[in-house]
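With chain A's structure known, arrange chain V on it following the hints.
Protein chains in written order, with the numbering used here: chain A, 1 to 181; chain V, 1 to 205.
Because the hints were derived from the structure by calculation, they are not lab data. Incorrect hints may appear among the rest.
To be verified - Residues from chain A that face chain V, not an exhaustive set, calculated with beta carbons under 8 Å:
| hint | residue |
| --- | --- |
| 1 | L123 |
| 2 | D136 |
| 3 | L165 |
| 4 | I170 |
As the list claims (entries may be wrong) - Output of the computed footprint for chain A on chain V, the stretches with three or more beta carbons under 8 Å from beta carbons of chain A:
| hint | region |
| --- | --- |
| 5 | 110-118 |
| 6 | 157-168 |
As the list claims (entries may be wrong) - Calculated pairs, DMTMM-like style, for lysine to aspartate or glutamate (alpha carbon to alpha carbon, straight line, at most 25 Å):
| hint | chain 1 | residue 1 | chain 2 | residue 2 |
| --- | --- | --- | --- | --- |
| 7 | V | K184 | A | D136 |
| 8 | V | K184 | V | E139 |
| 9 | A | K146 | A | D122 |
| 10 | V | K184 | A | E145 |
| 11 | V | K184 | A | D87 |
| 12 | V | K168 | V | D66 |
| 13 | V | K101 | A | E145 |
| 14 | V | K168 | A | E152 |
| 15 | A | K105 | A | D136 |
| 16 | V | K101 | A | D122 |
| 17 | V | K101 | A | D167 |
| 18 | A | K162 | V | E167 |
| 19 | V | K101 | V | D199 |
| 20 | V | K168 | V | E139 |
| 21 | V | K184 | V | D52 |
| 22 | A | K146 | V | D189 |
| 23 | A | K105 | A | D181 |
| 24 | A | K105 | A | E145 |
Yeah, the Cβ is synthetic: ideal placement off N, Cα and C, and Gly gets one too.
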Amino acid sequence: MNQEQEAPTVTLRPFDLADVDAMMAWASDPVATSFMTWDAYTSRDALLAFIRDTVLPHPWFRAVCLAGDGEVSGEVPVGAVSVTPTDDRCRAELGVVVARAHWGKGVATAALKRTVAAVFADLDGVERVEALVDVDNAASRRALEKAGFQREAVLRSYCVVKGRLRDMVIYSFISTDPLLD
Amino acid sequence: MELQQQGDPPRAAAEPTGEVVTLREFMASDADAEAFMSWASDPLVALFQRRDAFEHVGQARRYIFDHVLPHPWYRAICVGSGSGSGSGSGAAVVVGSISVKPAPAEADGRLFMASVGYRVARAQWGRGVATRAVRAAAEDVFAAWPWLRRLEAVADVENPASQRVLEKAGFVREGVLRKYIVLKGRPRDMVMFSLVDTDRVAGGR
Chain A
1 MNQEQEAPTV
11 TLRPFDLADV
21 DAMMAWASDP
31 VATSFMTWDA
41 YTSRDALLAF
51 IRDTVLPHPW
61 FRAVCLAGDG
71 EVSGEVPVGA
81 VSVTPTDDRC
91 RAELGVVVAR
101 AHWGKGVATA
111 ALKRTVAAVF
121 ADLDGVERVE
131 ALVDVDNAAS
141 RRALEKAGFQ
151 REAVLRSYCV
161 VKGRLRDMVI
171 YSFISTDPLL
181 D
Chain V
1 MELQQQGDPP
11 RAAAEPTGEV
21 VTLREFMASD
31 ADAEAFMSWA
41 SDPLVALFQR
51 RDAFEHVGQA
61 RRYIFDHVLP
71 HPWYRAICVG
81 SGSGSGSGSG
91 AAVVVGSISV
101 KPAPAEADGR
111 LFMASVGYRV
121 ARAQWGRGVA
131 TRAVRAAAED
141 VFAAWPWLRR
151 LEAVADVENP
161 ASQRVLEKAG
171 FVREGVLRKY
181 IVLKGRPRDM
191 VMFSLVDTDR
201 VAGGR
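The shape of chain A in the complex, shown without the other chains:
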């Protein structure tokens, strides 16, 4: 991977139905979604339904935007980050995806840092945010580590991804962990 330039300025905001076309940029990309448990979207209508039925009512789902230099394009999402509470009220699961055009610039790392700085105040009772990463997903593992997540274990035969049972590395960020940067 390239050495990163100075970290991008990333902001998080709620999604809007109007973001569907920007979202298609990563949601329809088999490469950007290769490690996701969900399949790449092929239909704009299906993605619109996903935004309406899952994203908008979700307790914590954010559009990742690059702070522009005043241009409108600065508000266009280049990725998404979500933190989903589980049946255990102290624990929530994080997912992040970035459009391929913006890989290698530290966008995911910056989005993760913003997330852990905000989410514990937003989600009542949550003290642990965990992320499951495919053992082969080196880029995501690096982003989590740079954002201050602790690697805890390899969970064997833990997730079905694209029809295959995979080992997953589990990372966590606890409410008392130090915020980096």
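Same frame as chain A, but now just chain V:
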């Protein structure tokens, strides 16, 4: 997530019991409800569980009816020969319970994971009962559920005896998950263990 119970007995561990450990289904009987109370009413056993200790046998009776009997896989742990119905000397006695809960199916409807939890009456601690029960349960569910690929269990970081049970039963210690589960109102660090189907091929542990 099924949770473990077992702590250290106050004295050095006794020799493993030479008696047979078997598993059977619970019955909606007074005898099984009474036996249930031998661990379910013990605050020390309940220490590492979500549930509070029971105070009267009616709670055990209701728990067997509402939770145990409809459960996908819940067994009584019996020590001694016989069926554990409590009749006659030397007959099997119910000393604990063990349960295996399938994880919810993934979006594609696929089942592949389950979690195991167990509880043993304090008088039976330190004799290898839980270890043998866990081994027997693992054998049973991997045989009964061909879809099963991963059987997991968590033990509180402050429960080393339970961690040893899982290790001796052949589970692999994967790591400590911080503030993983809320027990008695507080998030607890838990050690995660697993047994995957490939651990169990001939020659495996």
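Broken hints, numbered, in rising order?
-> 1, 2, 6, 7, 8, 10, 12, 13, 16, 18
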